[in-house]
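Participant: Could you build all of it, start to finish, from the sequences and the hints given here?
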Amino acid sequence: MAQVAALIGQILIGIGLVFMAAGIYSVLRFKDFYSRVVITAKIDTVGFLTLIFGVMFIEGFSFFTLKLVLIVVFELLTNPISTHSIAHSAYASGYKIRKEVRVD
Amino acid sequence: MKRLLHYVRMMAVFAVIWVILEEQISIATVVVGALIGLAAMVGTDRYVLRADYQQAYPFGLVAGIRYVISLIVQIYVAGVQALYKVLTGTLHVGIVDVHTSLEHDFHVALLANSITLTPGTVTLDRQGKTLKVIWIDCVTTDPEEAGPLIKQNFEQLIAGSKR
Numbered sequence: 001m002a003q004v005a006a007l008i009g010q011i012l013i014g015i016g017l018v019f020m021a022a023g024i025y026s027v028l029r030f031k032d033f034y035s036r037v038v039i040t041a042k043i044d045t046v047g048f049l050t051l052i053f054g055v056m057f058i059e060g061f062s063f064f065t066l067k068l069v070l071i072v073v074f075e076l077l078t079n080p081i082s083t084h085s086i087a088h089s090a091y092a093s094g095y096k097i098r099k100e101v102r103v104d
Numbered sequence: 105m106k107r108l109l110h111y112v113r114m115m116a117v118f119a120v121i122w123v124i125l126e127e128q129i130s131i132a133t134v135v136v137g138a139l140i141g142l143a144a145m146v147g148t149d150r151y152v153l154r155a156d157y158q159q160a161y162p163f164g165l166v167a168g169i170r171y172v173i174s175l176i177v178q179i180y181v182a183g184v185q186a187l188y189k190v191l192t193g194t195l196h197v198g199i200v201d202v203h204t205s206l207e208h209d210f211h212v213a214l215l216a217n218s219i220t221l222t223p224g225t226v227t228l229d230r231q232g233k234t235l236k237v238i239w240i241d242c243v244t245t246d247p248e249e250a251g252p253l254i255k256q257n258f259e260q261l262i263a264g265s266k267r
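Chains as they are written, first to last, in this note's numbering: chain G, 1 to 104; chain U, 105 to 267.
Think of the hints as simulated: they come from the structure by calculation, not from any bench. Here the structure is a predicted model, which means the values were calculated and not measured. Where hints are given, some of them may not hold.
Claimed, not checked - Short, incomplete list of chain U residues facing chain G, as computed with Cβ under 8 Å: (1) E127; (2) I176; (3) A186; (4) V190; (5) L195; (6) G198; (7) P223; (8) V226; (9) D229; (10) I238.
What the hints assert, rightly or not - Incomplete in silico selection of chain U near chain G, CB under 7 Å: (11) I124; (12) V197; (13) T227.
No residue lacks a Cβ here, since even glycine has one placed at the ideal position from N, Cα and C.
Facilitator: Spelled out as structure tokens, the structure:
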């Protein structure tokens, strides 16, 4: 049973890394500031949450898992604030949306 | 009386957090956690907020847990959609106005945070009850049409948590 949970956990960590890799790829690929900001927010939320859930599955039910729950709650509270302040400062200083250039 | 009940409920929450941080369950840790929680709440009420904690942050405990779970589900649904959009390169970035019917400042802030957390949208600015949102897949710039697509069911969940 513990081995199955560990396997699920490792698969979840893998999925989280896929999300992060896709985010980094698209930050390098897209040139517009606003699309980059939106994609960076995606890395932080989806990738990080999946990774933490994977670690929870591997660890099982313990104090460590409960601490991870606290970490998830603080992440959900603070992450949007940092993203918002970066995006807001760009908007306040008058950035315009640039048309994406397709590089195929 | 209601205020006392709120204090007791929040003290229980703080005691649980303290026990998690201390990593041992005993009467001493529970009592110390509850007392530190009480001190933190009284200090916040008197010196930082200068108002009632419950009125400044009107958010129920059970409703909060339900809200977090639905938020995580929403993050994953939108995350997979955004992943597809990013990998195929079909981005259509635009800025939309979104009107909200929420009254309390704290609820509007929660809504803005949820919009930012959902992949594909980031809140830029707020004027009164109107939020400016960057949208990665901007199919419409009309506030009435874009509102339900961006806000999902967050508004009902936040408004329902008023107690």
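Participant: Under 8 Å is the threshold here; is the Cβ of U:I176 close enough to any Cβ of chain G for the hint to stand?
Facilitator: Result: holds, 7 Å to nearest chain G Cβ.
Participant: Would the stated hint for U:D229 survive a check requiring a Cβ distance to chain G of less than 8 Å?
Facilitator: At 6 Å from the nearest chain G Cβ, U:D229 passes the 8 Å test, so the hint holds.
Participant: Using the nearest Cβ pair, does U:I124 come within less than 7 Å of chain G?
Facilitator: Where the cut-off is 7 Å and the nearest Cβ of chain G is about 4 Å from U:I124, the hint holds.
Participant: For the hint on U:T227, does the least C-beta distance to chain G fall short of 7 Å?
Facilitator: OK, holds: U:T227 within 7 Å of chain G, min 6 Å.
Participant: Any CB of chain G closer than 8 Å to the CB of U:P223?
Facilitator: OK, holds: U:P223 within 8 Å of chain G, min 4 Å.
Participant: Hint validation: U:E127 versus chain G, beta carbon distance must be below 8 Å. Holds or violated?
Facilitator: holds (4 Å)
Participant: Verify the interface restraint on U:L195: the C-beta must sit less than 8 Å from at least one C-beta of chain G.
Facilitator: holds (5 Å)
Participant: Given U:I238 as an interface hint, is its Cβ closer than 8 Å to any Cβ of chain G?
Facilitator: holds (5 Å)
Participant: Against chain G, with CB atoms and a cut of 8 Å, does the hint on U:V226 hold up?
Facilitator: Check passed: Cβ of U:V226 comes within 5 Å of chain G, closer than 8 Å.
Participant: Does U:V197 hold up as a contact with chain G if the rule is Cβ-Cβ below 7 Å?
Facilitator: It holds, given that the least Cβ distance between U:V197 and chain G is near 5 Å, below 7 Å.
Participant: Mind checking the CB of U:G198 against every CB in chain G and telling me if the closest is under 8 Å?
Facilitator: holds (7 Å)
Participant: A closest beta-carbon separation below 8 Å is what the hint needs, so does U:V190 meet it against chain G?
Facilitator: holds (4 Å)
Going through the hint list in order, the structure satisfies each hint without exception.
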